[in-house]
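*Asks:* Given next are the chains, with one letter for each unit.
Number of protein chains: 2
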Amino acid sequence: MKPIEGRRRVIVEGIQPQIDGGRYPAKRTVGDNVTVTAAIFSDGHDHVAARLLYSHASDTTWGTARFTELPNDMWAATFPVDRLGTWRFKIEAWVDHFDTWSSDLVKRLGAQPDPTNPSANAVPQDIPLALRIGANLLDAAGDRARGADAAQLKAAATDLCTLAEQNLPYYAGYPVSDEIISLADSYPDLRFAARSDRELEIWVDRERARYSNWYELFPRSAANVEGVHGTFKDVEKRLPAIAAMGFQIVYMPPIHPIGRSYRKGKNNSVSALDGDVGSPWAIGAAEGGHTALLPELGTFADFDLLVAAAQTHGMELALDVAFQCAPEHPWVKEHPDWFIIRPDGSIQYAENPPKKYQDIYPLNFESPDWRNLWEALYGVFKFWVDRGVRVFRVDNPHTKALPFWEWCLAEVRKSAPETLFLAEAFTRPHVMYSLAKGGYTQGYTYFTWRTGKAELEAYFTEINNAPVADFFRPNVWPNTPDILHAQFQVEDLAERRAIFQQRVILAATLSGNYGIYGPAYELLEGRPGPTMPGKSGSEEYLDSEKYQLRTWDFDAPYSIAPLITQLNAIRAAHPALQANANTRFHTVANDQLIVYSKSTAPELPSDQLGAKGQAALAAAAKADTILTVVNLDPKNTQSGIVNLWMPSLGLPWEDSFEVEDLLTGARYRWNGQYNYVSLNPALPAHVFRIVR
Amino acid sequence: MKPIEGRRRVIVEGIQPQIDGGRYPAKRTVGDNVTVTAAIFSDGHDHVAARLLYSHASDTTWGTARFTELPNDMWAATFPVDRLGTWRFKIEAWVDHFDTWSSDLVKRLGAQPDPTNPSANAVPQDIPLALRIGANLLDAAGDRARGADAAQLKAAATDLCTLAEQNLPYYAGYPVSDEIISLADSYPDLRFAARSDRELEIWVDRERARYSNWYELFPRSAANVEGVHGTFKDVEKRLPAIAAMGFQIVYMPPIHPIGRSYRKGKNNSVSALDGDVGSPWAIGAAEGGHTALLPELGTFADFDLLVAAAQTHGMELALDVAFQCAPEHPWVKEHPDWFIIRPDGSIQYAENPPKKYQDIYPLNFESPDWRNLWEALYGVFKFWVDRGVRVFRVDNPHTKALPFWEWCLAEVRKSAPETLFLAEAFTRPHVMYSLAKGGYTQGYTYFTWRTGKAELEAYFTEINNAPVADFFRPNVWPNTPDILHAQFQVEDLAERRAIFQQRVILAATLSGNYGIYGPAYELLEGRPGPTMPGKSGSEEYLDSEKYQLRTWDFDAPYSIAPLITQLNAIRAAHPALQANANTRFHTVANDQLIVYSKSTAPELPSDQLGAKGQAALAAAAKADTILTVVNLDPKNTQSGIVNLWMPSLGLPWEDSFEVEDLLTGARYRWNGQYNYVSLNPALPAHVFRIVR
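In order, the protein sequence lines correspond to chains A and B.
Under my numbering, the residue at position 412 of the first sequence is numbered 530, and the numbers go up by one with no gaps.
Under my numbering, the residue at position 219 of the second sequence is numbered 337, and the numbers go up by one with no gaps.
Be a bit skeptical, because a hint or two may be false.
If chains are identical, the list can't say which one is meant, so a pair holds when it fits in one copy or spans any two.
[Said to hold, decoys possible] DSSO-like, lysine-lysine: derived pairs with alpha carbons at most 30 Å apart:
| id | residue 1 | residue 2 |
| --- | --- | --- |
| 1 | K208 | K120 |
| 2 | K451 | K384 |
| 3 | K473 | K225 |
| 4 | K473 | K753 |
| 5 | K740 | K500 |
| 6 | K272 | K384 |
| 7 | K225 | K120 |
These are computed hints drawn from the structure, not numbers from a lab.
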């Protein structure tokens, strides 16, 4: 079957950013310039032109941006996203007859025999005829234009006709002014313009989606007095210190009533003793469920004050949403059909056969009443959003139906588009990426288990580049209450301090989003819990706060809070560290040294002499560029010759340049790509600024 | 907005083969098994299952194939395509509760405390309850089944219930037979099955689309008598020799009346002399256009005899379709609006300013009468299809509107799906690939200009692998009437012969489809035509057949027809050379030696001990595998140690094996991956068969 209009000769394909053929939106943050690229081409030798049409979902009109040509039929256009929410874009492309004519005319004029300067390469040209063709094109542009523009184009057409009528033996000089060319260009002939197959979407978050420093704490430990249950008021007292360290988000594990049946005791013992506080993730008791507060923590008034106090300190509170129920959760009685009911009428607890987690009932996403279940779960977010919370860390989202998340997160964002969702999913890559595609703002990562140089390089190369970087934003955590990596389980204090320092430096310089579970982190908590039967080692903490109150010695001399404070200050001052674009690993012939740079400017082109190269050099001179070198060996000093990929630092290959170590203030003059570094575990990194 | 069914928990994404999100079909040939892969996963730990539904466009029912699991949430299923035309496929995937239950039960049985063999790792299990859950699942499968199957499933459910009621202290042995498991598996619960977003298509061609040997000749030179215009009858006489060389397709440049105005003379001189025969691509004269014959070649009766004679020799005829018109083409008068009319009323000839091609009028694909133009062009194909032609080489398709081709080729295939179209497009990659996506069966390539080892490896790696290989089928030509590469322009006969041999060996062993322009090729024609002004060298032939009659000395002792005959025989005997899948380049530390293998079996997995590895070894033992080594230096003997990537030869790393050189019959025993080769320009290649 023929198309409705067969004269649309331009093909538009391979549009980026585009996730799964447009099934999901790509992600950006407010203030970004979104660069759209596509292959745009037509048959034959005619020139093509294209424009991007873009629009915020709430707008009724479209903005436009012209595409510029890149090599090999690729084109790029950029548009600014200055508001939260969904943006749409599409492409129109057409054969640009005026531009083709214009470029051909230059060739014709150059080739016409010049009576005053005969040349064997000259080819007779019918210039008057070419001028009359151009006049027709300008006249048609005039028909499309309005007012003064129309008159100007029509006049230019007449001028060309007049010139044609003179029928000169030789036409010197290009007969159309730049102004007229530009004017004609602004009234393109779109009759046969091709349009991209479908509108593509960009979801635009606030800046905190891309750049955030998280601090996790157990509020019930905030009293910091042996045996005293902490409260929201105690957390409030901790806020100045957390803000002083430079954190922006204070995240608390669940704050709801905790179930009593099958409550876990200290160190995850099967049965709790009297006075054991239980796991905050066993949500729900007679006092209520996901929209109630654990009475020991305080009242809603206390909670509201805490939300406000965080704001006063320039921070915000993140809550933990864990969609699972303790046996006493009100939903269990009110909606038993939201759970799996076994043949004996009992409700199915969580299992990973043969292991049983009888304190937890998972929700059944195949419930016949799924619509009400979805509404109730959405209602939990809505409840806390209405109390001022805009950041949620979601527990194990990968054990809840993926289509549910896509609906639920979009529903929350309808009224609160600034809401951020961090997916606590440690599972297979496709599932983690699917959560991100379905709407999660950020995701936990495999960083915790990527400890060697090669695996760190491979992993961050994957997640910091398209296509993954267009939908998945890593939030890297050296530790969590569930994960004390074997690396940290070191008795020797100096070595332990070296590894804690190393990992937080990696986190803070490799990723725009990172977090720590404190005070365990800054105070170097490394004692592993009991090993589970059949496991080779434990990633649990001894005396884990998941099951008991803890106190902490904030004044310990070995605390790395000062380093963390410094790292967060460096992150605040350096936009290169607030995003993951333009990350580049550099080589060094020492497997214990890892070297990488981040920059606000893209890599220099190999040709730095042309106009584009000069512009790139000028942009690089204004760019923020951070070069980090980390010693991965917590025991020994490691040295090596770093081999820098200079274009990614915005530097010509042979350049001499200065670097300043932002951790020590030391400055070095480096010459060209090869430079010596040596790092001692006591301060296992350089975080260099390229001095411009 | 909630989905209609929120309980579809499985995600299906990244389906391959898929071209531009399903915009174009992927290509295969009759007899292929199409392997479809996709990422298929769900939330949580439940097992998933999936099936492929496939159907020929003319079928009303769907075949099914179950997916098997690959690592990392990837799945694969295969279906056979046994007929020409469009096939469709889609995927259904679901949570497999029975399989999850079954696998959990194994774990439960293994973990239950055994009174006769106490273990500290035992965990008490409610086996009877688990059995009752299984009984419910079998019962539900019985509800979905019919007849005897239903009864068998229901009986199995009852058995499980009976077993549960016994409430044994210990359950020994797995209580469900493999037969019941398999039966339950064949009645899956599809209520909440997810389905792939859209049906994807495969276009299935006949074998000749993938494996073809082309021979191009000018019929007007076929008389081979000085000054005598050849005829179809003369071509007929040449057929036995061409068939004897092993060619399958005989392709003739345009056979239509040739224009007289601005006719080109010998060696592309601007004006023809009396008796000059002109370029066959200047189509159309008083005698007719694209559906007429040049009277000098013969009548339609002669043409029909030639078509039949080719078939008698096991070959077929390919025609050249060049959609452009000489000034006398009947369309020019009948349909001036199919051309571009200039302001002076004249018709625009072909130009590439400042160059003019006044003997050619290009068609205007922006004609207001485009619908009739499209029909007329389609009518040209239809005319020749109706005369028995099923192979078309299309001249410069990239200068005609791409949407036209998509429509036109599909239209021809509606009644003649066996028709093959070869795109003669030497242009930018996106345009060449777009022609292929739009329906061209095969395309000319950059092979002609890829003469160095690195560029050959890079180019064939790109085109012989997905995604390109799913839509673009290379047809590689060492020469064409338009292209005599500088490499061939060598005076020294031995050196010239070496390079002609080298290039045809590369073509015949690197690509399932290849062709030569003869007799120029087998007779080593290497004399370049006059250099064009402003060009550094000519790729034209001296005394090119494009502009004049030629005679050839078929008995010349230097003819490489015997080598070509041998290559075509090797190709006929070795299916590995009849396709481009499983092509692998091997390393050798000599830039003048290039080494590559092709096999009918994919590379062995790294684990060759497991069941999959053993199956792969067994398949490799039956596979056809060809290893080619070519000396790219036409002047000197080149030697080196080849480093073979053994898995791609279907051989374990340390294997000792025999190779047979199919060009010489010599056999060698090789040990492991490192082996010495030395090649003399007189016969610059080994074409080894791996002896099994």
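*Asks:* Run every hint past the structure and note whether it holds.
*Replies:* Hints and how they fare:
| no. | hint | in the structure |
| --- | --- | --- |
| 1 | K208 with K120 | both (24 Å within a copy, 26 Å between copies) |
| 2 | K451 with K384 | within (29 Å within a copy, 96 Å between copies) |
| 3 | K473 with K225 | between (79 Å within a copy, 10 Å between copies) |
| 4 | K473 with K753 | neither (39 Å within a copy, 73 Å between copies) |
| 5 | K740 with K500 | neither (43 Å within a copy, 63 Å between copies) |
| 6 | K272 with K384 | neither (87 Å within a copy, 47 Å between copies) |
| 7 | K225 with K120 | neither (37 Å within a copy, 60 Å between copies) |
Hint compliance for this structure: hints 4, 5, 6 and 7 are not met, and every other hint is.
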